[in-house]
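K.L.:
Order-wise, the sequence lines are chains A and B.
All residue numbers for the first sequence refer to my numbering, where the first residue is 344 and numbers rise by one.
All residue numbers for the second sequence refer to my numbering, where the first residue is 105 and numbers rise by one.
There could be a bad hint or two in this list.
Listed next, the stretches of chain B that the computed footprint assigns to chain A, with coverage defined by at least 3 CB atoms under 8 Å from CB atoms of chain A [as the list claims (entries may be wrong)]: (1) 127–140; (2) 160–167; (3) 182–196.
Because the hints were derived from the structure by calculation, they are not lab data.
C-beta atoms are modelled at their ideal positions from N, C-alpha and C, and glycine is treated no differently.
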Amino acid sequence: MRRSMGGSNRSSLRPGLISLLTLVIMLSIATAAVLTIATSHAMAALSQRQANMTSEGYWAEKSAQTMLALVDDALQASTSSKAAGEVKAVDQRMDKILLEACEDGVTATYKVDDNKFTCTFVTTGGRILTTKISLLDGKSYDVVSWKLTAAPQDEGSDDTLWSGPTAQE
Amino acid sequence: MAVSNDMLTQETKSERGSRRSVAFLVESMFVLALLMVFTALFIQLFAGAQLEGRAAHYLSKAVVVATNCAEQFSADPSSTPATSTQDDLEVRCDVETVDHEGGTLHNATITVEHNGEVIYTLHTARYVHTPGGDES
């Protein structure tokens with residue numbers, strides 16, 4: 344601080360030019376540091392979220408593949424080689440199959456439509472794997488669809504931004 | 105009398121100059137101390153941010169590399185290399201097979217490491233149906 348001893352007896356302290364310059368530089372660096380830390384935190388959070396979502400997608404995939412193996416086991420163990428009989432045999436064991444197939448943090452439900460089994464695997468983080476298997480004659484099956492999606496984050500919102508091309512017609 | 109006044113003025117000027125130099129010295133010391141404290145603080149902050157950013161960067165890369173490996177495994181479970189290196193990341197794919205009545209279930213654990221440190225692990229599986237029963 345510069346001590347001013349002007350014409351009067353009263354003395355005053357005022358900062359020098361170097362002090363002011365240092366203060367401005369320090370404030371600029373502090374702002375840059377805060378922005379850098381905020382950016383790195385955001386990057387880390389985003390990467391972690393991406394990693395979690397990927398892991399969960401593959402957990403659901405693993406559960407579904409195990410379910411497929413167990414359904415095939417049930418098919419091979421079935422006494423009937425007709426689709427209707429196979430559906431009945433698999434349907435009887437499906438709850439046990441899903442219980443055995445699901446990994447930690449994955450829950451599964453299924454529904455039967457004709458000879459098609461639609462199984463839905465939901466992870467705790469909101470990844471949904473929907474598989475549709477069609478049972479065929481001769482203890483065989485066909486994977487009709489295998490779709491991995493993410494659960495909508497905000498289900499309570501009524502703000503519809505776009506309802507698809509059919510709604511506009 | 106005039107000589108005495110001049111001497112007094114010179115003395116006052118000299119005293120004022122001495123006070124100024126002391127004030128400048130104190131100010132310099134204060135600024136220097138402040139500079140050192142803040143520099144140490146900022147270096148720590150920037151170093152932490154850089155480490156965190158680098159970890160995030162490697163995690164993102166590891167996720168991509170692990171996903172590539174998982175897709176390769178899914179396409180052909182039996183021909184996935186056990187170890188490989190991509191972008192300074194070591195990828196290890198441990199496959200465990202479980203025989204079923206209708207085919208084989210391949211369980212894979214994909215681990216991505218950087219300099220011996222595990223960054224990311226992925227678990228996946230692929231069921232391969234064998235027509236006509238378990239022949240594998």
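K.L.:
Could you work out which of the previously given hints the structure breaks and list their numbers from low to high?
P.N.:
3
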